[in-house]
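Asker: Each chain, written out:
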Amino acid sequence: MSMIVTTEKALSKRGQGARKTAPGSSALLNRGQVLLFAALCIFTLFNLIPLLWAVLTSLKHPADAFTIPPTLVFEPTLEYHKEVWLDHNFVQYLSNSLIVSAGTVIISVPIGSLAAYALSRIPRQRSGPILSALFTIRMFPHILLAIPFFVMGSFLNLIDSYVLLILALIAINQPFTIWLMHGFFSDIPRDLDEAAALDGCNSWQSFRTVILPLARPGMTVAALFSLLLSYNEFLFALVLTGVDTKTLPVAIASFGGEDISSLSLAAAGAIGIMLPIVIIMLLLQRHLVRGLTMGAVKG
Amino acid sequence: MVRWQRGLWWFLLPSFGLLTVVLLWPLGYALYLSFFDYYLGSSDRTFIGLGNYVELFTEARLWQSFWTTIIIAFGSVGLQFVVGFALALGIYKLKFSARLFTMLLFLPHIVTPVVAALFIKWILVSNFGLLDATLLGLDITPPDWLGDPIWAKISVILADAWIFTPLIMMVLYAALQTLDQSLIGAAQIDGANAWQILRHIIIPALIPAIIFTVSVRLMDAFRFFDTIYVLTGGGPGTATETITMYTYQLGFRMLDIGKASALGVITLVVVAIILLTINKVLTRIYRRGD
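Protein sequences appear in the order of chains V and U.
Position in the first sequence counted from 1, then plus 28, gives you the working numbering.
Position in the second sequence counted from 1, then plus 658, gives you the working numbering.
There's no promise every hint is true.
[As the list claims (entries may be wrong)] Calculated from the model, a selection of chain V residues having no Cβ within reach of chain U, i.e. all distances over 10 angstroms:
(1) Q61
(2) T72
(3) P98
(4) L114
(5) V119
(6) L147
(7) I150
(8) L242
(9) F262
(10) A294
[Claimed, not checked] The following label-pair restraints were derived from C-beta to C-beta distances:
(11) U:I812 x V:E103: 57 to 63 angstroms
(12) U:H858 x V:F102: 50 to 56 angstroms
(13) V:F71 x U:V928: 30 to 36 angstroms
(14) V:L240 x U:L934: 55 to 61 angstroms
Hints were generated in silico from the structure; no laboratory data involved.
Note that beta-carbon positions come from the ideal geometry of N, C-alpha and C, so glycine has one too.
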């Protein structure tokens, strides 16, 4: 697996660098640049149509939503945004999503960071195979894990509980967190550990007092990515939750997928689910590539 | 190993202990279950050895779902790669507002997959979707995008491409930024045209990144579930039923746990074969590069 691992490492490092100046580097606006800009604008706009259409739909009364040809000018209403959250239990689904995501992050990120720190400090010939194994684990089909979770959950009467879903999300999140944090810890010079060791610190003390403060920003990034993963996850949430613990993706899938007559409501729900993610994305801007090459968002 | 490093093995304990309980043990249990004739809820569980595997390999539905997976995986990854590479090059060449475009183009990827699939569904749904409503307004009778076996496959491919093209774009864009500018400058002085620069400088330099993203996406495509579940549910009939979708039907709809586990194990083996092949190809390319 070594070459895949090397490539992934190289790619994830690249994402951090600031943008180099473009070829030619003079900022003259020639014709080619204008054409390129126009082409990208058109593509971007076209590409965003599904999203924009959902925003428009969420602001429409049914009379405007079901017209042929589609209406672009209409009297907007926020009624459905209010209704979906207050009258259709979406507030409860949101709190379910938050409980599950928080539970996952609180357990997964600290223990993943501990493991990642150790892996960044033990000799490479020992950490290498472990990291490769973690990479391989990340590629396994989730459905294969969902089956035993479902069976054990039924035996233990844990279907429709937060615990089981949180454990499943930790299982799929842990390899990613270790990989991401391993990158951050590797950037912290080993001299610091050695200096702390000379001062008489044991491994835990030097980790606690010297390394951890420096790794905080990295842990924040790992936490945000893990949050995103748990918030977006669908398969496990679908099979392990029920009426009481349903998360937002499961709720919107059944709500928006089946009944076309409540289109405006479903669109309002979908847009609401999307908004926090846009905020997280803006916070994560600089780290997107690093996390994404490691499969952060889609597990 | 130096003395201060000795305590480090303890740091691995919480994570690996938990992974053993929530990942390795369940996977082992699934492998074990795949050798049984076992329906969830029924009390008898009979050991049938490789019975489930034999049954799966001899039925048409498995092979059909396998080919559907291949068609959808290669179709969407191919489309994603072409569009993603073009976008990465475009943004790379653009001397201003590159960050704005990366963010805007990136949105479809970061949105919750289920929500993204719904966005596409509301475009394609018959009669009232944006596409149908527009076409009907122009007096054109549109095909049933999600209900016709062939169009449903195309729709799923397009939806997957909509969601994952940004990923390929971002990774290739990041790789482009590490290109050696002096090489391109030298080539321009020597009179190379844009196509020659692309063909002989840019693409060779990006080969590892290209193979990496394409292969990760191919493996993802074998597992992908959310988009199909929302868009077509595997239908019409079994026209868009991928291996994962079929496993879901077996395990969670028919509660045929033994057979579903066996299919999960088969998927794992297929993904592992792809992974090993890619590793081999990458190794060869790196060696040649040295």
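Asker: Hint by hint, say whether it matches the structure.
Answerer: So, going through the hints one by one against the coordinates:
1. Q61: Nearest chain U Cβ is 6 angstroms from Q61 (chain V), so the label is violated.
2. T72: It is violated; T72 (chain V) is separated from chain U by about 5 angstroms at its closest Cβ, not greater than 10 angstroms.
3. P98: 4 angstroms, violated
4. L114: 20 angstroms, holds
5. V119: About 17 angstroms separates V119 (chain V) from the closest Cβ of chain U, which puts it past 10 angstroms; holds.
6. L147: 7 angstroms, violated
7. I150: 6 angstroms, violated
8. L242: Holds, because the least Cβ-Cβ distance between L242 (chain V) and chain U comes to about 16 angstroms, which exceeds 10 angstroms.
9. F262: 5 angstroms, violated
10. A294: Given that some Cβ of chain U is not farther than 10 angstroms from that of A294 (chain V), nearest at about 7 angstroms, it is violated.
11. U:I812 x V:E103: 57 to 63 angstroms: 36 angstroms, violated
12. U:H858 x V:F102: 50 to 56 angstroms: Between H858 (chain U) and F102 (chain V), where Cβ atoms are some 54 angstroms apart, the hint holds.
13. V:F71 x U:V928: 30 to 36 angstroms: About 34 angstroms separates the Cβ atoms of F71 (chain V) and V928 (chain U), which means 30 to 36 angstroms holds.
14. V:L240 x U:L934: 55 to 61 angstroms: With Cβ atoms ~38 angstroms apart, the hint is violated.
In this structure, the earlier hints numbered 1, 2, 3, 6, 7, 9, 10, 11, 14 are contradicted, and the remaining ones agree with it.
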